[in-house]
Amino acid sequence: MTALYLLDLVLVPAILLAACTAVGTRDRFAAVVSFIVYGLLLAIAWVRLGAVDVALAEAAIGAGLTGVLLLGALARMGRRADEAAAAGPPGRTLRLGAAALGAAVAAGIAAAVLALPEPAPQLSGAVAEALPALGLGNPVTGVLLAFRGYDTLLEAVVLLLALLGIWSLAPDPAWGGLPGLRHRARPEGVLAWLGRLLPPVGIVVGLYVFWVGADRPGGAFQAGTILAAVWILAVMSALVEPPAVRSLALRLALVAGPALFLAVGFAGLGLAGAFLGYPAAAGWAKPLILLVEAGLTLSIAATLALLVAGTPERAAG
Amino acid sequence: MTDALLPALVLATSLLPALVIFLLPEPAWRLRTAVNLAGAAAKLALVVVMLAGVAGGATYELRLPLVPGLDLLLRVDALALLFVTLSAFLWLLTTIYAIAYLGDGPDQSRFFGFFSLCVAATTGIALSGSLITFFVFYELLTLSTWPLVVHRGDAGSLAAGRRYLGYTLGGSAALLLGILWLESASGPVEFTAHGRLVGLDAGLLRGCFLLMVGGLGVKAALVPLHAWLPAAMVAPAPVSALLHAVAVVKAGAFGITRVVLDVFGPGLVQELGLGLPLAVAASFTILYGSLRALAQSDIKRRLAFSTVSQVSYIALGLALAGPVAAVGGLVHLVHQGLMKITLFFCAGALAETLHAHRVEELDGAGRRMPLTMLAFSIAALGMIGVPPMAGFVSKWWLGMGALQAGQPWVLAVLAGSSLLNAAYFLPLLHRAWFLPPRDAEAPAVPMFRREGDWGLVLPPVITAAAALAAGLFAAFAFSPLGWARLIIARDYGL
Amino acid sequence: MADGLADGPWAELLVALPLAGMLLALPLGGRQAHRLALLVLAAGPVLALLLAAQLWQGGVVGVALGGFAAPLGIALRADGLSVLMLLTTAVVLCATGLAARAGFAPRPGQGETRAGLLFWPLLLALWGALNAVFLGNDLFNLYVALELLTLAAVPLVCIEGKPEAVAAALRYLLFALLGSVLYLLGAALLYGAHGTLDITLLAARLQPGPATWMAGALMTAGLLAKTALYPLHLWLPPAHAAAPAAASAVLSALVVKASFFILLRLWFDVMPALAGLGGATLLGGLGTAAILAGSLLALRQERLKLAIAYSTMAQLGYLFLMFPLAGGGTEAQPWSAGAWTGGVLHAVSHALAKAAMFLVAGLVLQAAGHDRIRALQGLGRAMPVAVFAFGLAGLSLMGLPPSGGFVAKWLLLTAALASGQWWWAVPMLAGGLLAAGYVFRLLNPALSAGEGQGWRPVRRRWQAIPLALALLSVALGLAPLLPYLLLGLGRSPAAEEGLG
Amino acid sequence: MTSAATLYGLAGAALVGIGLYGLAVQAHVLRKILAFNLIGSGVFLVFGAVAGRGGGAGGGDPVPQAMVITGIVVALSATALAVALALRLFRETGRVTLPPDPPAGARDG
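Residue numbers (numbering that gives the first Met the number 0), protein chains in the order written: chain A, 0 to 316; chain B, 0 to 493; chain C, 0 to 499; chain D, 0 to 108.
Keep in mind the hints are simulated off the structure, nothing from the lab. A few of these clues could be false.
Some, not all, of what chain D presents toward chain A, calculated at C-beta under 7 Å [unchecked claim]: (1) Gly8; (2) Ala12; (3) Tyr20; (4) Gly21; (5) Val24; (6) Leu33; (7) Ala34; (8) Val62; (9) Ser76; (10) Ala79; (11) Ala83.
Cβ atoms here follow ideal geometry from the backbone N, Cα and C, with glycine treated the same way.
Given the sequences, and given the hints that come with them, work out the whole structure.
In C-alpha cells form, the structure reads like this:
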C-alpha cells in the first residue's frame, strides 16, 4: 500500500510537469510530444484509480489518436516561422492575468474536491444489482451499453458527426475522393516492415479487446481504436489506400454501429416496453448487447481511422 | 353574439381589405379600387348601425384574453363612436381622393395596403376599451403610417420618415412605461371603472400622467414634441390628410381625452394639480403653432403648423376640466378634422392641377378652380372661427368653459389665436380670389373642366359642406356638438 | 383522441427520428438526401404536437430510457417549457429545410456534391441534438447533447467554404468547447456531492456547500459562453454572419437557446435556493450590457447579415433579465411567473423572427449577390413579400404590438415595475428603441425608390417561407394564452416565487 | 483509496488551471487545441476522483468511469474537427492563429 502511495506521489508531479511543458515550451513539436507523454502517464493514473477501461481509452484515444492528429497537423503546417512566432512570446500582463485566472479556478475546484462529502454518494451498488439481469460482468460496459446507453448512442453519433464536419471542409473538386495526402514509404523501410508485421497482431488484439469487454475491461471503443490504429499504420506505410469518400461500403460501415444501436433501441420499444431497453427474458440481453457492440466496433474503427486521415483531398483514382 | 361581433366586423372592414390588397398584383387597379371602396363603405354602414344602437342604449364589447391581465378589449361607448364615425366618414372620402391622386403611380398595392391598415389601427384606437388595447393599436398606427410617409422613397421622404419614427417611437416608449407603471400598481386599467386609482400614491399618479400625456403629446404634436409633423408634409396629400385629420394627430388627442376623462377622471386630474400645467402647455402650443404658421410660405407647411396649433384646442378644453370646456374640446376633435382635411385635400389638388406649392402661386386660383377654392375658403374661415362655422362653435364652448372654470386668461389665448389664424389664412384667400393669375397665358378651358379629376374635387366639397353643416346645425342632437354633450353628460354624471 | 396516440413514444421519437434520418442520409447519397431530410423534418411538428397533447392530457411526460429509472438510467422529461421549445424548433427547422433547398438541393443532371450531401445530415443531427437538449433530464446527458449540437453547428457555419467562415467556425468551436468542458466539470462536482445527475433527483437532494457552489458557477460560466452572453459574445457575430443563411437562421434562432434552456433548468429547477440575489443581478447586468452593446453595434454594421447577427447578441440579453425579475409579482397582477413566462416567450418569438430575418437575408444574397445595406435600393419592389416579412419580424425584435415580442416584453416590464426594480425597465425600453433604429435602418434603403441593378428575380413561394415564420411570431402576440397555459405545466415553483 | 482519489482530483484541478493558462496565452491554434485537451483530461481526472472515492467492488463507481470514456471520445471528436478547421484555415490563408477579434464596426468584407 505504501509503495503504491509512493507511486502516486511520483506520478502526480510527473503528470503536472508534462502538462506544464506541453503548455509552456516554445517548441511546438516538443509541446505535442510532451502531451503524448502526459497522456500515457495519465493512463497509468487511471489504472491507479482502478479504472482500467478508462486507462485503455485514455492511452489509445487521449494520448494516441489525439497525439497523432496534432503531430500530423503540425507537420503539415510546417515548423517555419509564422505569425504566431513573429508575435513573440505573449505579453507579461496577459501571462500574469492568465496565470491568476488559472490559479483561481484551480483553487476553487480544489476546494470543491476537498469538500466532497464522506461517504461518497455513488451508484456502484445499484449497478452491481442490475448487472446480472444483463448477463454482463463488466459494470462499465453495462453502464455504457444499457443503463446509459442513450449517452453512448449520442456519443457514437457525435463521432460520426465530427467526420462529416471534417469532410465538409474538403475542396469541392475533391469531393467523393480519397482522404488525406498520399503516403510514400520505402518498401524496405522500417515503416513498411512494421506495416506488414503489426496489422495481423493488431487485428487479433482488437477483436480480443472487443470480445472480453462484456466481462472484463475493454469494449467497443477501445477495440475500435486499436483496429483504427492498425489501419492507420497500414495507410502510413503505403500498404493500402484509404477508401474513397463516395464508396457505399465505407458509408455503410460508418453508419452501421449507430444504426444498429437505434434499431435495437426501437426493438426495445416492442420487446421490453422501453426505447433502448433489453428484453427481461434471461439470455436475451447479452447477445443483443454484443451485437450492438460489434456494430459499434466496426463503425468506430472506420470513423476514427478516417478522422485521422483527414479531409478528402484527392480525386478517386 | 352580435354585441361582440359588430366591433370585430368594423375592424375587419379595413383589416381584411389591407390583407387582400397586399396580395394583389400591381396592375390589378380595378380590383384594388373595388376592395378599397367596398371596405370603406361597409365600415361606414356598420358605424351607422352602431350609432343607432348606442343612442338606443346598447353596448358592444369584444374581449380576447391574451395572457391573464392582458386582454384585448374592444368596447363601443359614445366617445369611441364619435371618433370612429369621424374616421370612417373621412376615410371613405380620403380613399376616393387617394385613388384619384395617385393615378397610375408605382407601388400602389403597398400604399393602399398600409393605408387600410392605418385605418384599421385608427378604428382599433377608437374602439379600444382598455389602456393596453389602446397601446397595441396606437403602435400599429405608428408602424403602418411609416411606409406611407416614405412612400415616394426619395431622400426627403426617407429623412421625414426617420424623424417621424424617432419621435413617435420615443413617445410610445414613454407611453408604455406610464401604462405599465400605473398598471403595476392598480392592475389592468379599463376605460369604464372610475375610482380604481383612488388611494394610489400621488407621486406615482403624477409620474404616470406625465409619461402618458407626454407620450401621447408626440402624436398630438404638443410643442416641443411637434417637429415631426411639419417635416412629414413631404408625404403625398392623401397621407397628409390621414396624418392631420383622420388618424395620427387625432389618435394622440383622442388618447389624451381618454386618459383625462376615463383613466384618471377630470376630478382626479384637478385634485393632483395636473389640469393647469396641461392647459398652459396647450395654450403655448396654440400660440406657438400659429406664429410659426404665419412665417411659412409653403402652403402645406403653413397648414401643418396650423394643425399643431388647432389640435391643442382639444387638450386645452379637457385640461380646463369643466364640462363646458370639455364639450368644446371634444367637439373640436370632429370640427378640426373636417376643416383640416378639406384644407389638405384642396392643397393637394392645387399642387396637382396648378402646381401651386407656395403662397404666392395661389394668385388667381379662385378663378381657375372655383369649387376647390370655395371649399378651401369655407374651411379656412371655419378655422379662424367666423360664425356660424364649425370652428366658431368650438371656440365658443371653449371660451364659456374657461369662464366657468375660472380661467379667464384662456380667453386671451383664444382671441390671440383667432387673430393669428386670420393673419395666416386671409392672405391666401385674398390672393386666390382677388389677384389675377401670375402666368398670363392661363389655358382657356371651360370653367368646370379646369378643376381636374372629379376625385380630387368631390371630397373637399363634401367635407367643407359637412364642416359648414356641423356649425349650422350644431343644436341638433346628432350633430357633433350634440354627441359631445351626450358624452360629457355621461362622463361627468350630469 | 385515442389512448394509443396519447401514450405513444413521442419523446423518444423526437430524438431518434432525426438521428435515424441522419444515418440513413449518408448511404443514400447526395441526390436523395434532401428528400429524406425534408420528409423527416415534416414529421417534426406532428410529433411535437402529439407530445403536446400527451402533456396536456396526462401532465408532465417522463420516460425512463431502457426501462432503467434514474439515478441508474437516464430520463427524458417533457414539461410545458420543453414542449414549447420543441414545437418552435420543429417549425423553424421545417421552414429552414424548405428554404435551404435553394442552396443545397442537387441541380438536375448533377452528381453528388459535398455541400449538397452533407448539409442535410448535419441539419438533421442539429435537430436531434436540440430535441435531446429540450428533453434531457440528466446533466451529463445534456453535456453529450450539447456537444452533438456543437459538432453539428460548427460545420454548418463553414459549409460554403469561405475563408472567413472557416476562421469564424474555428473560433466558435473553441468557445463552445471551453464552455462545455466547464459545464462538464460542474457536472463532475455535482455527481461527487450528490451521487446523481438526474435533475429531478438533484433538486430534491441538493445540499449547499463549496462543491455545489463551484459546480453552479462553472456550469453557468460554461453555458454563458455557449449562449454568447456579453462579454463572451465575440464568437457569435462572425459565425452567424458567415454561415449560409439557412444555417444562420437555425444557429441564431435555436442553437444559442439550447444552452440558455439548460441554464434555466439549472437555475430554476436544480438549484433555485442557491441562486442568490447577487448572481441573479449579475446575470441581469450582463444581459443589460448585451442589450445595449449589441444594439449599438448592430446600428453600425454595413452588412445585413452582420447587423442581424449583432441583433441576436442584443436580443439574447433580454433573456437574462428573467433571473433578477423572476417572482416578485404583486397582488395587483392576475398572473403568476410573469417574468419567467415573458422570458420564455421572448426566446420563442425571437426564434421565429430571427429565423425569418436570416432567411430574408439569404434571399437578398441570392438576388443581389451581396448584402451591403447601402446598396439595397429597390429591394422593396424586387421582393416585396420578403421585405414585408422582414418588417413583421422586426416588430417582434422591437417589442411592438402585435407580436410575441411585445407580450414578452410587456410581461418582463410589468414584473420589473411591479417588484419595484424599475431600473431593469430602462434597458428594455432603450433596447426596443435601438432595435427600431437598426430595423428601420435596414428597411430604409429597401423602400427607397432607386431601381436596384441586376436583381435576380426571386419567386414568391421562396419569399413566402420567411413570411410564414414572421406571421407566426406576430400570431404569438395575438394568441399567447395557449403558450401561457402550456408553460404552466410542470413549471418550477421558483419561476413563481423567485430565485434565492 | 479515498485519499489517493482525492490526490488525483487535486491534480485534475491543477490541470484545469494549467490548461486555462495555455488557452489564454498561446496564440497558435494547435496549441490552443492542445490546451483544451489538457483542461478536458483534468476534468476527467476530477471525475475519476469522484469515481475512485466511490470504492465499490472492482474499482470504484462505474457510472462516472463510463462518463469519462464517453467524454474522451467526445473530446477526440471535437479535437479532430478543430484540427481539420485549423488545417483548412492554414491552407486558405496561411495563418496558424485566429485573426484578431472582429472590429466593432466591421466594414465590408
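Could you tell me which of the hints above the structure violates, numbers in ascending order?
-> none
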